[in-house]
Amino acid sequence: MATQQEHSISRRLTWMNMLVSGVALLLACTAFIAFDMITFRQAMVRNLSAQAQIVGSNSVSALLFNDPQSAENTLLALKPAHNILYAQVYLPDGQPFASYSRDPGRHAPVLPPIPPGQTETHWIEDNQIALVRSILLDGKPIGAVYIRSDLQELYGRFLRYAAIAAVVLSACMLAALLISSVFRKAVADPIVDLSKLARIVSQDKNYSVRATPIRSFAELAILIDAFNEMLAQIQQSERALRIARDEMEQRVLERTAELEAAKKEVEEFSHSVVLAKEQVERGSKFKDQFLSTMSHELRTPLNAVLGFSDLLADERYGPLNDRQQRYVAHIHTGGKHLLRLISDILDLSKIEAGRMELTREDVTVTSSFAEVISALYPLAEKKSQALLQHVAPNLHLYADALRFKQILMNLAGNAIKFTPEGGRIELAARQVDDQVRVEVRDNGAGIPLDQQQRIFEAFVRLAQTGTASEGTGLGLAITARLVELHGGKLGIESQSGEGSCFYFSLPLAAIIPVEAPQPSVSVSRARKAPRILIIEDNAATGQLIQSQLTSSGYETLRCDKPERAMEIAAEQQPDAITLDLIMQPVHGLEVLLELKNDPRTSKIPVIVVTVVDQPGVGTALGADEYLIKPVDKATLLGAVERCLLSRGGAAPARAILVVEDDVSTLEVIVELLEAYGYAVSTATDGEQARASVAQFLPELVILDLVLPKLSGFELLAEWRSNPRTADLSVFVLTNKDLTKEEEKYIHAHAESLFRKQHAWREPLIKQLERVATALSWEKT
Amino acid sequence: MLSANETFGSRPSVQRQVCPRSQCSFLQFLTIVIALTFFTATGLLAQQAKPNEYQVKATYLYNFGRFVKWPDAAGPAKGDSFPVCVIGQDPFGAILDSTLGGEALDGKPVVLRRISKPHDAGECRILFISSTEEKRLKEILTALDESGVLTVSDMPGFTRRGGMIQFLLEGDRVRFEINLASAESAKLVLSSELLKVAASVKRSGRSGD
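Protein chains in written order, with my numbering: chain R, 1 to 780; chain C, 1001 to 1209.
By construction, these hints were calculated from the structure, which means they are not laboratory data. There could be a bad hint or two in this list.
Using 16 Å as the maximum straight-line C-alpha spacing, the simulated EDC-like pairs for lysine to aspartate or glutamate come out as follows [to be verified]:
no.	chain 1	residue 1	chain 2	residue 2
1	R	K383	R	E426
2	R	K596	R	D624
3	R	K350	R	E484
4	C	K1196	R	E72
5	R	K140	C	E1103
6	R	K350	R	D737
7	R	K79	R	D103
8	C	K1108	R	D138
Quick list of simulated restraints, FRET-style, between CB atoms [what the hints assert, rightly or not]:
no.	chain 1	residue 1	chain 2	residue 2	range
9	R	Q53	C	S1116	41 to 49 Å
10	C	A1094	R	H82	51 to 59 Å
11	R	V110	C	S1147	46 to 54 Å
According to the in silico footprint, chain R covers these stretches of chain C (three or more CB under 8 Å from chain R) [to be verified]:
no.	stretch
12	1062 to 1069
13	1085 to 1093
For glycine and all other residues, C-beta sits at the position ideal for the given N, C-alpha and C.
Isolated chain R, as found in the complex (with noise of 0.2 Å):
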């Protein structure tokens, strides 16, 4: 590559001198030549015709004494010129008179005519030279002269001459190329040394070089001074920059020293950083922990000491004396302040962990303030208070529904609490703007002034209080941060002996459409309630026994047609039947006699309703029960139940199975059912659970989540899955704080929710009878 660009120049120099020199060189020789071969030709018909005219004056004398062989004769003297192909003597009619002819076998061409006024004439045809000439005398034609030559003379000398002109050409060629070395040595070498100078300093970047100043050609010796001119003024300013990069590069030396220190520093911190990052959430992560263990560890003993007191209190295991009556209460408002606090204080930790999270939704506001007042109201009442409330209506919050309900009892009960008997406490709700404005306010003692703020710290208790009232000192603590949560601000406008103001706005709902609850979700497993099926022909008595039926928690069906009655009670298989017996067109013991003989509906227990005071017949014809009219609510029930009892009973008893991991709870629980005559079995782990149930299947399960081995969740989650278990009852009995999820989920799959921290024992009894009724009285 470098070679090649070297010897471009040079190369080109010599190509060109060579082209210029050979082009001229060969226009000069085609030009001589051609003029050359004009000049021979012309030559050659000069000869050619001067033979013709000896030709023609020696045969004047055959022509005219008529002697063809005298010129023959005369013709035969052409045959030295080797070119001659042929020649002819003609008589003037154009006869042939004589021939000769190179080669034998030629033939006497017609005589070409000659232009009149001419003597002689000549063409080229067929590589060949054609003359013909007259032979005159006196100026009259006697006859002529043809003759014909090759060109071979002529190709000859053109073969010779450019035989010669290639020699010439070469040897020009020749000396072109030595007379191009010179030049070269002249003019292309220290161009190309100048080039390979300006390579050695572009690449290199050396700028000492210079190159060797030559005086032969001036431009030559121009642009080299101007170049080695550059050269020294590039030196010296590179000279000048290499001093300046060199300072820069300390510069930038030191500099990056200095990043490089600032930038350790920096390392050093963040690393630091992340080391108390990772310290805090370790130590968040363990407060999670220690919170979680705690609301679990601290609740299970206290539940044991709420329930055995409870159990004590009812006297159930022999009479107390008054003191220990008063030294179980004591413990058991103890224990119960002590759940209260640990609740209190989970509550509050998880609000400022952020934990608390809302399930927003349209509250209506009058049916909370409703639910708050009848629950407040007994305390409200004890105390001689009057509870009020003042809310408009049509008011909607955009709010968690059981947060709202948290805030309103926290208010309103510390208002009972704190106010004199006789006092008075006011609920109000009204809307302020694009807000509903809550408030609470009492006509107690007041807060005085400075105590305003402190008031909503944790633990804080009003000093002249004194009394020994339940408070944790958390509840408005709690509450305020609540109302923060939910975006609003707890105010208080008080004034010491003027009672006090609680008040907080929330954000108006806005129209939000109301999401179709899920069927999955919303559709209680609650047990299905016993069907009733009612057969009266009379409709203001069928709809009288119906309602009484349906507001006890019945599901009822109606029959205005006794003869269709059988058909029913076959198709519907009701729990019970209550008969009338004065009916048209079937009369009632028709029926009844009817259904008994069925084997489909015989078991079916029948409550005769009726005026007809006779029993006897009644029961003599299958009656289960005999009511004679009118009945009222309480008979009907009686009645209904003892059938429902008798029908259940004919089932084999199957025992509640109690999952809990701690033993005294458990103990508690087990004592609570037996107390209520229920059978009783129980696990205290998941997989005894599970096996338990496997083998044979309860009644219903109270179940814990909190268990070794195998969870509650993972518990209840199988049995939904397995069809064998899918509709076996199960009431969950927990003191795990639950998220939203996990309470839906419970709601979803388990009969009831239960929470161990607040007063469990009444509402699961409760609902055992509710659905299990029929163990216990058959047991009793």
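Start from chain R and add chain C according to the hints.
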């Protein structure tokens, strides 16, 4: 007709290449016709497609005049005309008159004389001696001795007997033989051209006498 001749006559080859096929034959024909006409109109021998013996001999007689140089001192050269004479019975008849009429030789007009006396022959350049004069030949030749008269005859043995040119017949073709010695003795110079075309040339003088 002339212009066509000029354009196409000189280069038949070009003519063949250039002219369209239909015209070519016509032009060729035309050219040939023109050439023939040209020669016929100007040529001496052209119209004698089949010339009879004496017509050829008459022409030869005239043509001999071209190849002979007469001495300046000789009698015949002194006159203002170029006399061609016939002695004895004339075998040519009108042919000779028509052949020589209006012609010129040696820059002088040709004059035809028919003579009977040998003495009259001294003034002639060319003397045709008829075969009827065979008996007087010796007398005629002697009379002409060295007077510079070209003697021509078709009698047999003419050159042997001292005559200069004697016509011969080779089949139809008219030829002649020359007695060069006789001519030289009469101080006549015969062109080599003439000798070239002669059937034979006697150079030994009067060998027959």
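Against the structure, the hints come out as follows:
Distance check on the hinted pair: K383 (chain R) and E426 (chain R) sit about 15 Å apart at the alpha-carbon level, within 16 Å; holds. Note on K596 (chain R) and D624 (chain R): the hinted pairing holds, with a Cα-Cα distance of about 11 Å set against a maximum of 16 Å. For the suggested pair K350 (chain R) and E484 (chain R), the alpha carbons sit about 14 Å apart, so the restraint of at most 16 Å is met. Only pairs whose Cα atoms come within 16 Å are accepted, and K1196 (chain C) paired with E72 (chain R) is accepted, the gap being roughly 12 Å.
For the hint pairing K140 (chain R) with E1103 (chain C), the CA-to-CA distance comes to about 13 Å; that is within 16 Å, so the pair holds. Distance hint between K350 (chain R) and D737 (chain R) is fulfilled; the C-alpha atoms sit about 10 Å from each other, no more than 16 Å. For the given pair, K79 (chain R) sits about 11 Å from D103 (chain R) by alpha-carbon distance, which is consistent with the 16 Å threshold. Of the supplied pair hints, the one linking K1108 (chain C) and D138 (chain R) holds, its CA atoms being roughly 13 Å apart against a limit of 16 Å.
Taking the beta carbon of each, Q53 (chain R) and S1116 (chain C) are about 46 Å apart, inside 41 to 49 Å as hinted. Between A1094 (chain C) and H82 (chain R) the C-beta distance comes to about 52 Å, which sits within the given range of 51 to 59 Å. Here the CB-CB span from V110 (chain R) to S1147 (chain C) is close to 49 Å, well matched to the stated 46 to 54 Å. For the stretch 1062 to 1069 of chain C, the stated coverage by chain R holds: 3 residues have a C-beta nearer than 8 Å to a C-beta of that chain, and at least 3 were required.
Counting residues of the stretch 1085 to 1093 of chain C whose beta carbon lies closer than 8 Å to any beta carbon of chain R gives 0, which falls below the threshold of three, so the coverage claim is violated.
Hint check: a violation occurs at hint 13 only; the rest are consistent with the structure.
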